[in-house]
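Asks: Residue numbers (the numbering used here), protein chains in the order written: chain G, 1 to 277; chain H, 1 to 273.
No wet-lab data here; the hints were simulated from the structure.
As the structure is a prediction and not an experimental result, all values here were calculated from the model.
Quick reminder that beta carbons are idealized off the backbone N, C-alpha and C, glycines included.
Be aware that one or more of the hints could be misleading.
As the list claims (entries may be wrong) - Restricting the straight-line Cα-Cα distance to at most 20 Å, the calculated cross-link-like pairs of lysine to any residue (SDA-like) are:
{"id": "1", "chain 1": "G", "residue 1": "K240", "chain 2": "G", "residue 2": "K98"}
{"id": "2", "chain 1": "H", "residue 1": "K106", "chain 2": "G", "residue 2": "K98"}
{"id": "3", "chain 1": "G", "residue 1": "K268", "chain 2": "H", "residue 2": "L80"}
{"id": "4", "chain 1": "H", "residue 1": "K76", "chain 2": "G", "residue 2": "L28"}
{"id": "5", "chain 1": "H", "residue 1": "K76", "chain 2": "H", "residue 2": "Y174"}
{"id": "6", "chain 1": "G", "residue 1": "K98", "chain 2": "G", "residue 2": "I183"}
{"id": "7", "chain 1": "H", "residue 1": "K76", "chain 2": "G", "residue 2": "K98"}
{"id": "8", "chain 1": "G", "residue 1": "K98", "chain 2": "G", "residue 2": "G177"}
{"id": "9", "chain 1": "H", "residue 1": "K76", "chain 2": "G", "residue 2": "I24"}
{"id": "10", "chain 1": "G", "residue 1": "K268", "chain 2": "H", "residue 2": "K106"}
As the list claims (entries may be wrong) - Which residues of chain G face chain H? A few of them, derived with a C-beta cut under 7 Å, are:
{"id": "11", "residue": "L13"}
{"id": "12", "residue": "P27"}
{"id": "13", "residue": "V30"}
{"id": "14", "residue": "F43"}
{"id": "15", "residue": "G48"}
{"id": "16", "residue": "P50"}
{"id": "17", "residue": "S52"}
{"id": "18", "residue": "L121"}
{"id": "19", "residue": "I124"}
{"id": "20", "residue": "N209"}
{"id": "21", "residue": "P227"}
{"id": "22", "residue": "L248"}
{"id": "23", "residue": "P254"}
{"id": "24", "residue": "V255"}
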Amino acid sequence: MINIKRSISKTFLYIAMTIYSLSILIPLFVMMMTSFKTNAEIFKNPFGLPSSFNLDAYINLFVISNYGKYFLNSIGVTVLSLALAVTMSALAAYAISKYKFKYNRAIYVYFVVGLVVPIKLGTIDIMITMLRLSIFDTLWALIIVYIAMAIPLSVFVLYDYIRMVPEELSSAGRIDGCSEPGIFARIIVPLIKPGLAAAGIISFIPNWNEFWFPLVLIKSRENYTIPLATGQLFGQFDTKLDLVFAVLSLASIPVIIIYLLLSNYFVKGLSAGAVKG
Amino acid sequence: MKYSLYTGEGLIPDQFVGLDNYIRLFTEERYYTKFWNAFRNNIKFFIVVTLVQNVLGFFMAVLVTRSFKGSAFIRKLSFLPTTLSVLVVGYIFKLILNPYYGVFDKFLDLIGLEKLIIPWLGDSRSALFVVAIAVSWQFFGESVLFYTSGIDGISKSIMEAARIDGASIWQEIYHIILPSVLPIVGIVTILIFIGDFTQFDIVFAMTGTRGDPGYSTDLFGSLFYRTAFSSSERGGWGTGMGAAVATMMFIVVTIGVGAFLTFFTKKREALEK
Chain G
1 MINIKRSISK TFLYIAMTIY SLSILIPLFV MMMTSFKTNA EIFKNPFGLP
51 SSFNLDAYIN LFVISNYGKY FLNSIGVTVL SLALAVTMSA LAAYAISKYK
101 FKYNRAIYVY FVVGLVVPIK LGTIDIMITM LRLSIFDTLW ALIIVYIAMA
151 IPLSVFVLYD YIRMVPEELS SAGRIDGCSE PGIFARIIVP LIKPGLAAAG
201 IISFIPNWNE FWFPLVLIKS RENYTIPLAT GQLFGQFDTK LDLVFAVLSL
251 ASIPVIIIYL LLSNYFVKGL SAGAVKG
Chain H
1 MKYSLYTGEG LIPDQFVGLD NYIRLFTEER YYTKFWNAFR NNIKFFIVVT
51 LVQNVLGFFM AVLVTRSFKG SAFIRKLSFL PTTLSVLVVG YIFKLILNPY
101 YGVFDKFLDL IGLEKLIIPW LGDSRSALFV VAIAVSWQFF GESVLFYTSG
151 IDGISKSIME AARIDGASIW QEIYHIILPS VLPIVGIVTI LIFIGDFTQF
201 DIVFAMTGTR GDPGYSTDLF GSLFYRTAFS SSERGGWGTG MGAAVATMMF
251 IVVTIGVGAF LTFFTKKREA LEK
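Okay, chain G solo, but in the shape it has when bound (with noise of 0.2 Å):
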């Protein structure tokens, strides 16, 4: 009797779990097929493969498009605000749990607020503000803004790794002459390495798909980042189904392979940031 309960629900099990796979892998599997097909095709066959694999929009986006210009931008925006982000989390994470003064807990507060108060909000007076500093439409407003939205989070995950790291050791460095930097530098930092790495990466989905602030700040083609020209390239497409597909392949594709190569890394990242919060 057990046995067969159980196997009806192991069956109910896998049941369920085919319908989910297939509902996360059909829109993706459609989305990359279409784009191989050539238009007439798309409307004959809406299904299954393509009869051969078409690369002409692949080809039109880079040559044409300049799509090559828009990844570099992407990544160079994405590289350097995270790298900046992380590093004054640090900073900043090494000083509130480290040393002790006035307004520790009210700083450290203050840092943390920043995960529930959308900085989108806040755009009309960053954009002003980047009119200001003659900054507007250029790559670097994004970057200061990116920097600004990645530095809660890494503050709110680095702050619990360096106080983590015992007291003795930084106490043993100062007895050997070691200088304040010189702890963080080669004490701290070489022990929290798995904190530094968890807060790039955590933070990489959101700054690499961030649509609305390029769509605020930069007018110029030549700045567009790849969110920004798949949503100008889509419109202007419209009728070109296959260039339509090719511009949302190529702007998925890159984000795929990174989670799917770091995805244990990601996946414990924001779990451990969940089950703590």
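Using the hints, position chain H against chain G.
Replies: Chain H alone, transformed into the frame defined by chain G:
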């Protein structure tokens, strides 16, 4: 936020008008109809997304954490849509639901349900729901991930003891899993709330900055974009009014987050007693 107290011709508001922008927002019909419409849409949108992500996501996590072959694969796969940009997800759904070449209608036709075909995004009754489903599809994996990590955190011995005592799966969920993941329900709900009340990308991708058809999918995010950054022919209200809209959104988000925080803290205390 101080710009909400100013008005002016150019991008930078320079003329101080005090609370005038707010008074106009709530007394002039052309402003307040749009504002309350976006507010109502946002609440409906939030309810659909919360139900899908919290209720369905929770049960999916319960299933995923059972031990079976391929559970590691499913866990990895479930987070995949979350890594894509909201924009891409919106466009994929728009293309799949397209009345001329969309795969979804062709599929319904194929399995003999052609009567159910409607202009999904063209009908003001279904459009908001469809947009909400697209967002739920994208972020579903994030809820599943949070809930699975919560369930994984429950000690194995408690689960085993319950199974030996003959607890059914429902009893197990109600007495053991639910109380221990309640803080996570709180976090997920608050994250969805913040995300939904500032959501813009999905509306931009699927129904444009006016929330077509006829503003039926207009959310606070698209309202803010249009009023603050569009030219007046395309629905712009000037930067000062835009800032007033952003300030109202900020107040709504803060009140909402505060309310959920107190609700879930009270619930938790009640459970712990």
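Asks: In ascending order, which of the hints set out earlier in this document are inconsistent with the structure?
Replies: 1, 2, 5, 7, 10, 15, 16, 17 and 23
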